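Going line by line, the protein sequences match chains A and B.
Numbering (our numbering) for the first sequence: 1 to 266.
Numbering (our numbering) for the second sequence: 1 to 396.
Rather than coming from a laboratory, the hints here were simulated on the basis of the structure.
Keep in mind that the hints are not guaranteed to be accurate.
[As the list claims (entries may be wrong)] Listed next, the in silico SDA-like pairs over lysine to any residue satisfying Cα-Cα at most 25 angstroms (straight line):
| no. | chain 1 | residue 1 | chain 2 | residue 2 |
| --- | --- | --- | --- | --- |
| 1 | A | Lys86 | B | Glu292 |
| 2 | A | Lys72 | A | Tyr102 |
| 3 | B | Lys8 | A | Leu106 |
| 4 | B | Lys216 | B | Ser60 |
| 5 | B | Lys8 | A | His110 |
| 6 | B | Lys275 | A | Tyr102 |
| 7 | A | Lys162 | B | Ala33 |
| 8 | A | Lys72 | B | Asn293 |
| 9 | B | Lys52 | B | Met38 |
| 10 | A | Lys162 | B | Gln28 |
| 11 | A | Lys145 | A | His119 |
| 12 | A | Lys72 | B | Asn166 |
| 13 | A | Lys72 | B | Thr277 |
| 14 | A | Lys72 | B | Glu292 |
| 15 | A | Lys72 | B | Ser164 |
| 16 | B | Lys275 | A | Leu106 |
| 17 | A | Lys162 | A | Ser135 |
| 18 | B | Lys322 | B | Arg229 |
| 19 | A | Lys79 | A | His90 |
| 20 | B | Lys8 | A | Asn156 |
| 21 | B | Lys8 | A | Ser135 |
| 22 | A | Lys79 | B | Glu298 |
| 23 | A | Lys86 | A | Pro29 |
| 24 | B | Lys8 | A | Gly109 |
| 25 | B | Lys8 | A | Phe132 |
| 26 | A | Lys115 | B | Glu292 |
| 27 | A | Lys13 | A | Val265 |
| 28 | A | Lys72 | B | Glu139 |
| 29 | A | Lys115 | A | Ser142 |
| 30 | B | Lys8 | A | Ile138 |
| 31 | A | Lys79 | B | Pro278 |
| 32 | B | Lys8 | A | Glu133 |
| 33 | B | Lys102 | A | Asn156 |
| 34 | A | Lys72 | B | Thr266 |
| 35 | A | Lys72 | B | Asp291 |
Bear in mind that the values here come from a model prediction, so they are computed numbers and not experimental data.
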Amino acid sequence: MLTKTSFQGKLTKTENLFIPFIVAGDPSPELTIQFALRLQEEGADVLELGVPYSDPLADGPTIQRAAQRALKSGMSLRKAIELVPKLREHGLEIPVVIFTYYNPVLQIGHEEFFKLLEHNGVEGLLIPDLPFEESEEIRNQSEEKGIEFISLVAPNSDQRIKQIAEHAKGFLYCVSSLGVTGERKEMSAEALTFIEKVRQHSQVPVAVGFGISTNDHVRLVRDHADGVIIGSKIIRLIEAELENIEKGKMDEALKHFTNEIRALVQ
Amino acid sequence: MQVFPDLKGRYGDFGGKYVPETLMGPLQELEEALDQAMADPAFLEEYHHVLKEYAGRPTSLSYADKLTGHLGGAKIYLKREDLNHTGAHKLNNAIGQALLAKRMGKEKIIAETGAGQHGVASATVAAKFGLQCIVFMGEEDIRRQELNVFRMKLLGAEVVSVSSGNGTLKDATNEAIRYWVANCEDHFYLIGSVVGPHPYPRMVRDFQRIIGDESKRQFLEVEKELPDRIFACVGGGSNAMGMFYPFLEDTSELIGVEAAGKGTDTPEHAATLSKGTPGVIHGSMTYLMQDENGQITEPYSISAGLDYPGIGPEHAHLFQTKQVRYEAITDKEALEALKLLTQTEGIIPAIESAHALAQAFKEAPQMNHNETILINLSGRGDKDMATLMEHLQEEV
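All chains should be modelled from the sequences, with the hints used to inform the complete structure.
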């Protein structure tokens, strides 16, 4: 039996979740707002807002490129968090999860970091290079501040699955296959078996990410899990519009993007 | 005495495992295999046998009499890791990890390299033990170290050019880790320095401590007491850790020498401890070079083996506890020291090692004649000829 995730009451369902990932500042903070709003219109339930990082160990080339573009636009962890109230002003209502590597957090300092998250109304937090063993302090602080600390499980987590799932908050991020983020052609049968196994232990919705890039993938994952997380594919769709954006054809760019997202998640 | 690392892989405030969840399983598997191997006399016997028969250990301890006469002051000894097969200390660790990979049933190894010495050592052990080998190398380093790239290919390794970032060791390491994440089931990641997530810093140290163990024995034989000061260069810090570790409880003063590049008052250096701050890089908590937003910055050194923005976590700990003194030497000072050693002793050192030499040469004249200095000559300079020709051609 799934417990309804708190996300401060903003998440109204526990299944069939669509969780898109975009990088704050890719290609500019203003466009991040526009893309986020379009994703909400197309049914996004939670927004994963990525903080660009110079050395992203869990990411493939697509997200690395997005991070480079965003760093060039002057984005930082602090600015990404401060973008959240601006998203709200423009009408974003769904919960926002800040996705950041640990080093930028360390440099701001835990106390200041949580102050920023709280002050700017961030609902969730995901740090891909902070595994269970290293995350106790951050998990406790998140709990204290009512911020969901999202945990990840991988196909080779084995005996760790139970422990990680027991502590999971918000939703449990299930990495569909070994490797970094990026589009993959097929979802394997092993991946589906693994998802089922994770669900048996999880008290929160299980969302599957890494490699989800076609409408078929989305449908398949929806049959087996509670949600689907899409990152690299969405960033590719943004990349495809860079030329239009540069030419100032914003309406066209956003229209293409919206149509592609609709086709992907319908 | 407190033993480091602790069970969580920490050296005081540093170390740990800051990696994506996908790597936690493989690291656990590695740690278990390593603990079993290091407790198995047959494994250690094979490791030492290969070091003796194949790598050419023990390496010599050479008294640099002409240099000592030239500088005045302390007597200078060199630990000759340049005499190791393939020309650097890197082979000690590569042999240890390759034997472990075989023991674990892994037939493919991944390595990253800066100057190419670790890449060559990895390609060499891969050839020796029948393993497949992929070496990740930054495109800038590929340009600087053409000869070593050819050596790796000749040995049968695949060299993957990495173009992200500055195209140097940091970027090659990122790429190697990302490749490992995707291929961890059948690939063994052979890390070349005392960096990365636990248990790598400990494993590499333990495969490199042969340098310090041998030095201690050899020095006591010749001088009947331990050296007053021991110098070693530090990029990631494996030759220094291997040299220093057996001396940590002794009276010798230990000095690690970083690359100051064009000067620590310029942005172009790789002096991680002198100028960096604590943070997380490549899976461990240590000192690193970064901007105010926690983005890792690109280091610089004339030596491709030293321009790494991080440093082994045990060095960070030894720096914090002041058990080791860390100094920084510029490109120019290193080249001067290289020339001096070459022309007084007939030994052309690697530019990395020349950093340790330069600091020792600064201090030797201020020391007494009855005092002694040991410098770890981590590798030979053949690989650096193109760089040396570029900088020194008009002077020779």
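Results for each hint:
1. A:Lys86 with B:Glu292: holds, 24 angstroms
2. A:Lys72 with A:Tyr102: Cα-Cα ~20 angstroms, so holds.
3. B:Lys8 with A:Leu106: Cα-Cα ~19 angstroms, so holds.
4. B:Lys216 with B:Ser60: holds, 12 angstroms
5. B:Lys8 with A:His110: Cα-Cα ~21 angstroms, so holds.
6. B:Lys275 with A:Tyr102: holds, 21 angstroms
7. A:Lys162 with B:Ala33: holds, 24 angstroms
8. A:Lys72 with B:Asn293: holds, 13 angstroms
9. B:Lys52 with B:Met38: This hinted pair holds, its Cα atoms lying about 18 angstroms apart.
10. A:Lys162 with B:Gln28: holds, 17 angstroms
11. A:Lys145 with A:His119: Holds - the C-alpha atoms of A:His119 and A:Lys145 are around 11 angstroms apart, at most 25 angstroms.
12. A:Lys72 with B:Asn166: holds, 15 angstroms
13. A:Lys72 with B:Thr277: holds, 23 angstroms
14. A:Lys72 with B:Glu292: Answer holds: A:Lys72 to B:Glu292 is near 15 angstroms, not above 25 angstroms.
15. A:Lys72 with B:Ser164: holds, 15 angstroms
16. B:Lys275 with A:Leu106: Measuring from Cα to Cα gives roughly 17 angstroms; hence the hint holds.
17. A:Lys162 with A:Ser135: holds, 16 angstroms
18. B:Lys322 with B:Arg229: holds, 15 angstroms
19. A:Lys79 with A:His90: holds, 17 angstroms
20. B:Lys8 with A:Asn156: Roughly 20 angstroms separates the two Cα atoms, so the pair holds.
21. B:Lys8 with A:Ser135: holds, 13 angstroms
22. A:Lys79 with B:Glu298: Answer holds: A:Lys79 to B:Glu298 is near 22 angstroms, not above 25 angstroms.
23. A:Lys86 with A:Pro29: holds, 10 angstroms
24. B:Lys8 with A:Gly109: Since the Cα atoms of B:Lys8 and A:Gly109 sit roughly 22 angstroms apart, the hinted pair holds (cutoff 25 angstroms).
25. B:Lys8 with A:Phe132: Roughly 12 angstroms between the alpha carbons, so the hint for B:Lys8 and A:Phe132 holds.
26. A:Lys115 with B:Glu292: Given that 25 angstroms is the threshold and the Cα spacing comes to 18 angstroms, the pair holds.
27. A:Lys13 with A:Val265: holds, 17 angstroms
28. A:Lys72 with B:Glu139: The hint holds at about 22 angstroms.
29. A:Lys115 with A:Ser142: Given pair A:Lys115, A:Ser142 holds - Cα atoms ~11 angstroms apart, limit 25 angstroms.
30. B:Lys8 with A:Ile138: holds, 17 angstroms
31. A:Lys79 with B:Pro278: holds, 22 angstroms
32. B:Lys8 with A:Glu133: holds, 8 angstroms
33. B:Lys102 with A:Asn156: Distance ~21 angstroms between B:Lys102 and A:Asn156 Cα, so the pair holds.
34. A:Lys72 with B:Thr266: Holds - the C-alpha atoms of B:Thr266 and A:Lys72 are around 23 angstroms apart, at most 25 angstroms.
35. A:Lys72 with B:Asp291: holds, 14 angstroms
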